Amino acid sequence: MIVLLIYVAVFVVSFFVVMKLIKPGARKDFTSLKTVTFGDESAVRSNRTASVISILTLFLLWGMFTGSALLPKFLHAPGPFEGLARFDYTAEAPGREPATATVTVLVHPIEQEAKAPEVEAGDGWAKNDSATVGMWRSGLIQVDRNDEVTKADGAKVVAVNGQPIVPGGEVITDFGRVGMSQKGTLNFEPKKGWQMEPIWLPAPEAVMARLIDIAQEGFRGSTLWQHLGWSLFRVIAGFFFGALVGIPLGYAMGLSDWFRGWFDPIVEFMRPVPPLALIPLVIIWAGIGEAGKIILLFLAALWIMAIAARSGVSGVKISKVHAAYSLGASKAQIMRYVIIPNSLPDIFTGARVAMGVCWGTVVAAELVAAEKGAGMMIMVASKFQNTDIVIMGIILIGIIGFGIDMLMRWAERVLVPWKGKG
Amino acid sequence: MSGLEIENISMRFDLPNGTSVQALKNVSLNLKAGQLLSVLGPSGCGKTTLLNIVAGFLAPTEGRIVLNGHEVRGPDAERGMVFQQGALFEWMSVRDNVGFGPRMKGMAKADKDKIVNHLLDVVGLRDFKEKAVYELSGGMQQRVALARCLANEPDVILMDEPLGALDALTREKMQSLVLKLWKETGKTIILITHSVEEALLLGERLLVMAPRPGRIHKEYRLPFAEMGVGEDLREVKKHPEFARTREEILGMIWDMEEEIMGRQEAGA
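Protein chains in written order, with the numbering used here: chain A, 1 to 422; chain B, 1001 to 1268.
To be clear, the hints were calculated from the coordinates, so they are not data collected in a lab. Just so it is clear, the structure is predicted and the values come from calculations on it, not from any experiment. Using N, Cα and C, we set each Cβ at its ideal position, and we do this for glycine too. Check the hints yourself; a few may be wrong.
For lysine-lysine, the following DSS-like pairs were computed, each having C-alpha atoms within a straight-line distance of at most 25 angstroms [unchecked claim]:
#1 A/K317 <-> B/K1129
#2 B/K1112 <-> A/K331
#3 A/K317 <-> A/K419
#4 B/K1112 <-> B/K1183
#5 A/K421 <-> B/K1131
#6 B/K1112 <-> B/K1187
#7 A/K191 <-> A/K115
#8 B/K1129 <-> B/K1173
#9 A/K317 <-> B/K1237
#10 B/K1105 <-> B/K1187
#11 A/K419 <-> B/K1129
#12 A/K192 <-> A/K73
#13 A/K73 <-> A/K191
#14 B/K1187 <-> B/K1114
#15 B/K1105 <-> A/K331
#16 B/K1218 <-> B/K1237
#17 A/K151 <-> A/K127
#18 B/K1237 <-> B/K1183
#19 A/K20 <-> A/K34
#20 B/K1131 <-> A/K317
#21 B/K1129 <-> A/K421
#22 A/K331 <-> B/K1109
#23 A/K151 <-> A/K192
#24 B/K1180 <-> B/K1238
#25 A/K419 <-> B/K1131
#26 B/K1180 <-> B/K1032
#27 B/K1187 <-> B/K1218
Covered stretches of chain A, as calculated for chain B (at least 3 residues, CB under 8 angstroms) [unchecked claim]:
#28 316-327
#29 336-349
Chain B on its own, in the form it takes in the complex (with noise of 0.2 angstroms):
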């Protein structure tokens, strides 16, 4: 069976002082191979964690993850990650962090070199295979990020928003590259960010969870990431119905975080 399911994941732990914190509640959710499903909701949803749970970092206190027909107990290479800045191994050049996959594989060097620089192809860092990862901007490293994980042939990509702390125009078109990346590798892809836009632009399926305890509040399915393949972003974002849509969630999202502050100041 080819997909990753998640199961009724729930998750809660102690705290310090006593009491205790419901994260997860409840979460299910199919992904068929070669998805795009992008994740939405307002700080303290639970969206990190249940993308750390898919990673197999933390393990749930309920349901299970099962991705091609076994369960998930670890992390592992065939989930790959891609976190938001720092994760680059800043002690290997450009080349030696796309190749850390391969080469813990004891992949043959000839076969990994080819891998790397078809990779530095793809993401366009052909000229900087040699440099520091320190010595370039913040979006060639995400550009890195990306390419080092997928030289590892993962099933599944997980971003914990990959994109969040580039400036608008890097990250528009770190956008358009993530989508091409998706429709010519054909991963099974899953992104968490806080920008609306960016959700509805690179989700083929989009979901907005709500907070306390982490639940999924809606899902839609979009046709914005289809149209956005290899087109001009700004021009799926004149669509109407990409404006009528991100109107929706926006308020969504506000109806949200105002509740969270009127239970704040009744509880104060």
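Chain A extracted, bound-state conformation (with noise of 0.2 angstroms):
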């Protein structure tokens, strides 16, 4: 909640932020002269600076909660409470007088051992304890152990810090909470403050510096580049084979009756199966290995690449075809000169569709069964609570997924440029 404060707030300070020091009319194009901007799309550009700040904001989100260093501490949210944590607790007795003394808890990190802090009797008969507990933890201290009248002896604690407290109640101190339990036991735990524990979610430079640790070391006797090696492989692989087959199918159902109404059920019936689905057949036919990943990227590609080359033939303005025949083509000739260039920026849109399936329908095929790859890396990590890993390997396969799609945009700039000219 606190998080989506904190956000919308900074989307709204920098937007008057930022209009505020971009003075109007600093743009002198043709657009800035519109005054109608308000529903016209073509008028709205993406802001430049907002997108910087955004991705930004998310940064600063992520290390505000996360205390990460590399940010200036006072930016931080309330970290969890971290070292000696005192509170009293005052016992009764039969037949004594009510006791106070003192508890001293040594607040650790988790991944470090810590060892109780010496402390010092005192006079009372309730004698002063010490104990440690980890950050983000509870832990019972048995505040009774060491006093001259034990629980057992018929000893209670009555108050903490002066406040009264019964079995089942709880008192706030300054460092954390101080419970008790049913059966009369103090229950210490620590102020967790508001940021992530790095279980759940590390801080920026530990995804980092494990990336680097990766990238030198490997994860599961491969490295890191044979990890995403692998998802591409089978990218392509799958992708280069689905085309192979659908180009030539669509092409054949774009032009030929009956192949046309051979096809069509078929491919209308498999197009709105997700490939996900088809994960537990493949599995069960080809197995876990490459050739059951590659028949599913296969099956992913092959209905988009089949419906975009059919989309292609189907929309070549039939004036093209009837100037070519009076020309003098013949059908070979109209295939070759006609028909395919004219497909071929369907083909490329179809392709970019195909590709960014693939490259999600892989890292899930990983996430089931596989013993290298971007998704298997993922699913090892999260089970044993490698978050930061986990993490990662999502920022790296948005990353590949977003350059695969700027290549395919790159290649069909240059290959096909008279797309959407016709």
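Mind docking these for me? Both chains are given alone in their own frames, and the hints should help you get the complex.
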């Protein structure tokens, strides 16, 4: 909730600040002269500053709530309590005056071993205690253990820091919460603060460090590049075979009644089936090895490419085909010089979609079963609560998916410059 | 036997709703080699259907087309087509578009280049040889389409409203170009148009068609095309006979349109 509020606040404040700083009329192009911008989609241009602030805000929030060393301390959300916590307890025993003693608790980072601090016993019949509790954890503290009268002899704690406490109740101190169990034992829970425990969300620099570590050391017997490379290889192989079969199939469907009639029901049925739903069947039939994964990606790409090629053929303006026939072109020449070039833009659009779907499917398939691959990496890491690897994997998967799309767009611009110009 | 014979063409086809349409009925016409025919008529009179039948894209239900003594059975390089627009191959440069026909025939590159260069000179696009066709204006694109058609040396050129999408000024320039090319090449040309003025200017013979069923309503033989070759077309339009014929044909087409409207209202 507080995260959302900060996010909205940064959004609103940066909007006003940037609007104030950037003088209207700084840009002198044609669009800047348009007075009707609300509703004119062409006048809406992505604001670069907003994009930069947006990304920085995400990292800022990430850093704030993980206590990142990359951020100055004052920006951190209140962290968990660490250090020496103290509270007093007051005990009563039959036949004795109530006595008060101090408990000193060392709250330490979980991954470090800690020794309870030495404390003096004090003079009352209730002696001072010491204990250790990990950050974000809680611990039972048997304060009566070293007292002259123990719980077994009838002693009981009646107050913490002067405030009365009963079994099941609690007292909030400056260092955290002191609760009392039904049996009368004290339970100390140091303040958790607002930061995330690294096991849920590691700091950005921890993820970065892990990335460097895995890039150098590898993960589970393969280097990082092998994991990513295998995923990419599967995508490219599956896509390649899918295109190899799908494009001719789509052409045939666009050019022949019989092919259209024969394959339409199959293609239209398979198209809405998400490739992920095929994973179990493919595993049963082809096992969890490379063959199974490539078959799955082949199936994911096949229908998309077939439909793209089909729509590429049906998108040919009939006047172009007529013109080519009246210029003396044979059927083979019509195919080579008219239908194929005319369908390339559609095929490229299909290829972009297919690559995106394949990339998503390969990660999912590797989550299910694989020895190498980006999906396998994050799946195995999650089983060991290596959240930093999981986050690193997700970021890498995102970057590669984005890179694939950029590459396809670039190829499209270079190879089919006539797209949308017919 | 040289020339194009349209012999008693009828065209009738069924619609999905069970009725059938008589698009053309008993259309007959003889066109001598080198004649320029323009075809006019209200929409739905079957003029484009007729052109597609001559081109060989559609088979008539009755009658036949005979060109130079043999029957037309499908599209062929002897009958070139110029479309309204969008029929150029945008994945090819201007030069490759114009050279498409010769290339399909397997002509040697040197011969092909000669033809292409010559035609690009004729239509005034020499400097745009390497451009992509989508970089050209509409008028320039239609000049490419004309050159592409001529490069193939067809016997007959069929034009389906080739200038319909151009602005008035470009259109006038293109009309002069069509006349010039007609005179220089001596091709037989059939030109379909919506514009009465264009039909008068470019038609050595002019066919007015009537709708439902599509048929020949009236034929004219006109002097304006000959007059217009190499002349200012605006001067031709000032001719009193031009104005008189234009009014006559406009009246004719108006009557047809009104009859259609009346029939639709009576039907509704």
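We went through each hint and held it up to the structure:
1. A hinted pair counts as satisfied when its Cα atoms are at most 25 angstroms apart, and A/K317 with B/K1129 qualifies at roughly 24 angstroms.
2. About 22 angstroms separates the Cα atoms of B/K1112 and A/K331, which keeps this hinted pair within 25 angstroms; it holds.
3. This hinted pair checks out: A/K317 and A/K419 have alpha carbons roughly 14 angstroms apart, not beyond 25 angstroms.
4. Using a Cα cut-off of 25 angstroms, the hinted pair B/K1112 and B/K1183 holds, with the two alpha carbons roughly 23 angstroms apart.
5. At roughly 14 angstroms between alpha-carbon atoms, A/K421 and B/K1131 fall within 25 angstroms of each other, so this suggested pair holds.
6. For the hint pairing B/K1112 with B/K1187, the CA-to-CA distance comes to about 20 angstroms; that is within 25 angstroms, so the pair holds.
7. At most 25 angstroms may separate the alpha-carbon atoms for a hinted pair to count; A/K191 and A/K115 meet this at roughly 20 angstroms.
8. Between B/K1129 and B/K1173 the alpha-carbon distance is near 20 angstroms, which keeps this suggested pair within the 25 angstroms criterion.
9. Distance check on the hinted pair: A/K317 and B/K1237 sit about 36 angstroms apart at the alpha-carbon level, beyond 25 angstroms; violated.
10. For a cut-off of 25 angstroms, the pair hint linking B/K1105 to B/K1187 stands: about 20 angstroms separates their Cα positions.
11. As the CA atoms of A/K419 and B/K1129 are separated by approximately 20 angstroms, the hinted pair is consistent with the 25 angstroms bound.
12. For a cut-off of 25 angstroms, the pair hint linking A/K192 to A/K73 stands: about 17 angstroms separates their Cα positions.
13. For the hint linking A/K73 to A/K191, the alpha-carbon distance of about 18 angstroms falls within 25 angstroms, and the restraint holds.
14. About 20 angstroms separates the Cα atoms of B/K1187 and B/K1114, which keeps this hinted pair within 25 angstroms; it holds.
15. Between B/K1105 and A/K331, the direct Cα distance comes to roughly 13 angstroms. Compliance with the 25 angstroms bound is thereby established for this hinted pair.
16. A hinted pair counts as satisfied when its Cα atoms are at most 25 angstroms apart, and B/K1218 with B/K1237 qualifies at roughly 21 angstroms.
17. Between A/K151 and A/K127 the CA atoms are separated by roughly 13 angstroms; this keeps the pair inside 25 angstroms, and the hint holds.
18. For a cut-off of 25 angstroms, the pair hint linking B/K1237 to B/K1183 stands: about 19 angstroms separates their Cα positions.
19. Restraint check: the Cα-Cα separation between A/K20 and A/K34 comes to about 20 angstroms, which is no more than 25 angstroms; the hinted pair holds.
20. For a cut-off of 25 angstroms, the pair hint linking B/K1131 to A/K317 stands: about 22 angstroms separates their Cα positions.
21. Distance hint between B/K1129 and A/K421 is fulfilled; the C-alpha atoms sit about 18 angstroms from each other, no more than 25 angstroms.
22. At most 25 angstroms may separate the alpha-carbon atoms for a hinted pair to count; A/K331 and B/K1109 meet this at roughly 22 angstroms.
23. Between A/K151 and A/K192, the direct Cα distance comes to roughly 30 angstroms. Violation of the 25 angstroms bound is thereby established for this hinted pair.
24. For the given pair, B/K1180 sits about 20 angstroms from B/K1238 by alpha-carbon distance, which is consistent with the 25 angstroms threshold.
25. A threshold of 25 angstroms between alpha carbons decides the hint, and for A/K419 with B/K1131 the separation of about 16 angstroms falls inside it, so the pair holds.
26. For the given pair, B/K1180 sits about 19 angstroms from B/K1032 by alpha-carbon distance, which is consistent with the 25 angstroms threshold.
27. Under the criterion of a C-alpha separation no larger than 25 angstroms, the hint pairing B/K1187 with B/K1218 is consistent with the structure, at around 24 angstroms.
28. Given as covered by chain B, the stretch 316-327 of chain A passes the check, having 9 residues with a CB less than 8 angstroms from a CB of that chain where 3 are the minimum.
29. Taking a C-beta to C-beta cut-off of 8 angstroms, the stretch 336-349 of chain A contributes 5 residues in contact with chain B, enough for the three needed, and the coverage statement holds.
In this structure, the hints that do not hold are numbers 9, 23, in rising order.
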